[in-house]
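Here the protein sequences line up with chains A and B, keeping their order. The opening position of the first sequence corresponds to residue 1 in my numbering, with each subsequent residue numbered one higher. The opening position of the second sequence corresponds to residue 1 in my numbering, with each subsequent residue numbered one higher.
If you are wondering where the hints come from, they were derived from the structure by calculation, not from laboratory data. One should not assume that every hint holds.
As the list claims (entries may be wrong) - Computed footprint of chain A on chain B; a stretch qualifies when at least three of its residues, placed anywhere within it, have a C-beta under 8 Å from a C-beta of chain A:
#	region
1	78-87
2	155-169
As the list claims (entries may be wrong) - The calculated label-pair distances, taken between Cβ atoms and stated as ranges, are:
#	chain 1	residue 1	chain 2	residue 2	range
3	B	L173	A	S120	53 to 61 Å
4	B	E106	A	E18	31 to 39 Å
5	A	R30	B	S57	32 to 40 Å
6	B	L162	A	E27	38 to 46 Å
7	B	G50	A	I119	20 to 28 Å
By construction, the Cβ of each residue, glycine as well, lies at the ideal position given by its N, Cα and C atoms.
Each chain, written out:
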Amino acid sequence: MPETTSRDGVQIDLISGERMEGMASMEKVRMILDNVRDGDIIILEDGLTPEEESRLIEATMSQIDPDGFNGIEIETYPKPENTSSGLLGRLMGSDDTSKLTVIGPANQIETLHKDETIISALVSGN
Amino acid sequence: MGLITGIKESVSRVTDRLFTSPDPKRIGIYGPPNAGKTTLANRIARDWTGDAVGPESHIPHETRRARQKENVTIERNGTAVSIDIVDTPGVATKVDYEDFLEFDLEEDDAIRRSREATEGVAEAMHWLREDIEGVIYVLDATEDPFTQVNTMLVGIIESRELPVLIFANKIDLEEANVSRVEDAFPQHETVPLSALEGDNMDEVYDKIAEYFG
């Protein structure tokens with residue numbers, strides 16, 4: 001991820017499916033956790049496979065520290081088949097069926113709520 | 001003599017294979033913390049072996065190590081089904097030791113409990129990927145089942161093509177809403193029960209025999 005100069009705010013990284021495509025499962029997990037531990041919110045265009053989600057939970061647990069990082073909040077959205085009308089679809093020209101995924105640090109995301117058409121996050125600063 | 005002995009041994013091996021029941025399937029009891037997994041594991045183990053699996057508590061993450069009860073033989077309709085029950089720690093994506101302070105734990109105890117809980121969750125995920133052959137997914141029917149942890153875990157179980165039963169637990173409580181659990185996972189069979197009170201255990205055992213036998 002490109003470094004930002006200030007950590008006063010909350011960094012949101014919108015990561016394309018293309019960027020994730022060539023990465024091994026553990027590379028994805030490592031990249032997500034490194035960024036979330038830095039306080040970033042990650043939005044994955046294509047989400048993770050169930051196997052990768054399992055490894056993400058396992059790796060998250062190994063990094064929890066009572067003095068700091070206490071885990072992740074995560075929500076996913078399956079993208080409808082054969083449509084590219086969503087915001088990310090328009091931004092990134094994608095119309096696949098994988099799931100949009102939002103991941104952030106549990107100690108900064110006060111609420112992460114999903115209903116049928118929206119994932120909404122209330123995020124506190126660092 | 002040697003030839004006859006050899007033939008006898010061969011016949012014995014074939015008949016053993018034909019008439020001995022297959023190895024018990026290892027069935028994992030999964031679900032979020034405080035859904036009643038250990039209460040269910042103890043109920044099943046006590047009903048069929050007389051022993052318990054582990055201690056129960058209202059404090060989340062009481063089970064912090066996967067515990068196995070081997071060779072639990074459930075008899076239904078004249079046939080016997082043997083399973084190994086694996087009671088797993090509740091799965092979560094976050095563990096905050098401060099949450100345990102609300103249950104009057106000292107800070108050192110809360111920190112130790114949170115450390116053990118994280119190891120337990122990781123262990124539960126490892127079991128699911130490597131060793132589990134069927135899953136009983138336990139949900140507290142008084143709680144919202146539409147959570148990301150539930151969605152992810154059921155997705156992981158489905159991706160491994162494991163047989164799965166959803167158990168809507170705590171139906172003895174007035175706030176229990178079984179139809180909400182059924183709506184959350186319509187692709188799977190939901191069985192209502194109270195592991196604590198022993199309600200609807202006949203159907204529970206029928207379904208375990210049907211799915212995992």
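Check each numbered hint from earlier against the structure, then list the numbers of those it violates in ascending order. Violated hints: 1, 3, 4, 6 and 7; rest satisfied.
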